[in-house]
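If you're matching them up, the sequences are chains A and B in order. Our numbering applies: residue 1 is where the first sequence begins, and numbers increase by one. Our numbering applies: residue 1 is where the second sequence begins, and numbers increase by one.
These are calculated hints, taken from the structure and not from any lab test. There could be a bad hint or two in this list.
Copies of the same chain look alike in the list, so a pair counts if it fits in one copy or across any two.
[Stated by the list, open to error] Calculated pairs, DSS-like style, for lysine-lysine (alpha carbon to alpha carbon, straight line, at most 30 Å):
#1 K294 / K266
#2 K304 / K294
#3 K294 / K155
#4 K121 / K58
#5 K304 / K155
#6 K304 / K285
#7 K201 / K304
Below, each chain spelled out in residue letters.
2 protein chains.
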Amino acid sequence: MSEANFDPLELRNALGTFTTGVTVITARGSHGNPVGVTANSFNSVSLDPPLVLWSLAKNSGSLPVFEEAEYFAVHILSNEQQEISNRFAGRGADKFKDLDVPNGLGNTPLLADCCARMQCKTAYRYEGGDHVIFVGEVIDLVHSDATPLAFQAGKYALASRKVDETPLLSSQNDQNSAFSEDYLGYLLWRAYFQFHTMARKQAAIAAYSDLEFLVLVTLFHSSERSGNDLSAAMSYEGSVQDTSSAIKNLITQGLVKSLGTSSKQKFSLTEEGREKTLSILAAAKSTESEFLNKLGMWESVALKNLLKQFITETDPGLPHLWENSHDTH
Amino acid sequence: MSEANFDPLELRNALGTFTTGVTVITARGSHGNPVGVTANSFNSVSLDPPLVLWSLAKNSGSLPVFEEAEYFAVHILSNEQQEISNRFAGRGADKFKDLDVPNGLGNTPLLADCCARMQCKTAYRYEGGDHVIFVGEVIDLVHSDATPLAFQAGKYALASRKVDETPLLSSQNDQNSAFSEDYLGYLLWRAYFQFHTMARKQAAIAAYSDLEFLVLVTLFHSSERSGNDLSAAMSYEGSVQDTSSAIKNLITQGLVKSLGTSSKQKFSLTEEGREKTLSILAAAKSTESEFLNKLGMWESVALKNLLKQFITETDPGLPHLWENSHDTH
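If we strip away everything but chain A, and leave its shape as in the complex, we get (with noise of 0.2 Å):
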């Protein structure tokens, strides 16, 4: 009998906004049989001894085996451990199926990959309402520099360090003002500007302008293209691309040959051509890889996401520049 003023789900929308990691949480039972459970119940509690905690609802069925085991591991799963988290939040019989597990402290199954996996040896159960709340010691430990997947309002996410205010401008704008660097247009331009003057500054990109950069690229993931195709593919509204003269240009220099006449004119990359774009993506990935490396691999795998992200939840029907289907339709 709850004294409290509030439904279930009230209560569950609320502990959502306590963002969290995701683990899965393995026993073996008596009888041999592996358990696996998904948890973002986990929490650390003490350091001397090294104890962290779970909980585990009463009606699991994999209850009776961690009630009786004397060890369990808990896996910190990683960014890319999503399917696993899945695989071990269901009911399915044979969760363990196809995995490589091998035994741990008392025959723990141990998953791999994690971002961290600590081998426990079971040192209280503790009643907590519809839930059993496990402390364990921890005897081993192992930890890798992996992404964390997160949860946050019932869904997986990603978390990632948030700046200091200070070294941007914002103190220097005025803070009524309609418009500052906090503006999201700012920003996108500002990081896709940086970006592409670091990039243009590698001496294989320096040799070609934007759009004999994109034609080159373009051509190097279809096999071939025509003309109309490959301008169409660079066009957005309020910005129409001629792309002959980049044509030409490549054609001078002997990147790029035609194929075909007139209306069945298409352009491919030479042999020379293949291997200048192969120098071009090379440099391109140099200064995308100096640019994650400064940012950090966990923000960088966030940043990504977010921008995936946006550009999916505000895509106004811009063509996708690599998308192989521009001949087909």
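Please build the complex by placing chain B on the supplied structure of chain A, with the hints as guidance.
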């Protein structure tokens, strides 16, 4: 005496890969003294009855109060409450100074503006090594849509939901290719271009060229500027901008006026220019709002955070557009 084969720092680093939110937990002592501590050891336990837990170091000065308190309040902090987190994480004597803290159940001091606030009745206190584990029954609950503050690897963070990868074209690109729509340069350009395309569809903005737009907004932010200064603010290596014809057009339209002559010549907005620029800024802001609404508020905060971090950490020293100091050095 621990059986562990690792040192405390290694454990701390491994535990840091488990992302958490940040809470402040408060109570009132029997002599009326309020206590509050920052804790990321919070988690949910049970829905029926509604139980949550957190743990407190046995050497905490606040422990005696929490051990005798019948009630405590958990505040899940928002992105805006980093200062509150820092304040309650310290050992300061007067953590509540200048805070408006109404009394809750058992006169527990309550903080405002959190993502969620749960007033709890202490249900259990459990042994947890160098910590005590507190389990409380949630009696009263409020929550908001504020962006949650997260904590990962020892730093404040923001979490943003993961995208489903399918809507983007990664599957259509050659997975082994050196270049794809996962390329940061493409993602930044695409995101910027989609924003720019939509902003330019606004009637108030469509009437002006990009350069005229920038001149108007820059003059709006600084009372007056020289032509050279305006050009310098918009020029970056490889893209020198001549603003003179943009300025001339704006003067013809009565939006910009010239002050002084020859080497001392400066420009500023006319009254009409100020009004038109206000419409431009309103249109730009409305595009931003539209995009941020599509992305969702929590993700918008995270995206801006990451773009600022990216810009700060990869800044090759380009001028900042609306910085006020161009004329002073």
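A quick look at each hint next to the structure:
1. Proximity of K294 and K266 under a CA criterion of 30 Å is satisfied in neither setting, with 41 Å inside one chain copy and 39 Å between copies.
2. Taking CA atoms no more than 30 Å apart as the test, K304 paired with K294 passes in both settings, with 14 Å inside one copy and 17 Å between copies.
3. Taking identical chains as interchangeable, the C-alpha atoms of K294 and K155 lie at most 30 Å apart whether they share a chain (28 Å) or sit on different chains (17 Å).
4. In this assembly of identical chains, the alpha carbons of K121 and K58 lie at most 30 Å apart whether taken from the same copy (20 Å) or from different copies (22 Å).
5. With identical chains, the CA atoms of K304 and K155 are at most 30 Å apart both within one copy (18 Å) and between copies (20 Å).
6. Taking the shortest Cα distances, K304 and K285 sit within 30 Å of each other both inside one copy (15 Å) and across copies (24 Å).
7. Proximity of K201 and K304 under a CA criterion of 30 Å is satisfied in both settings, with 23 Å inside one chain copy and 26 Å between copies.
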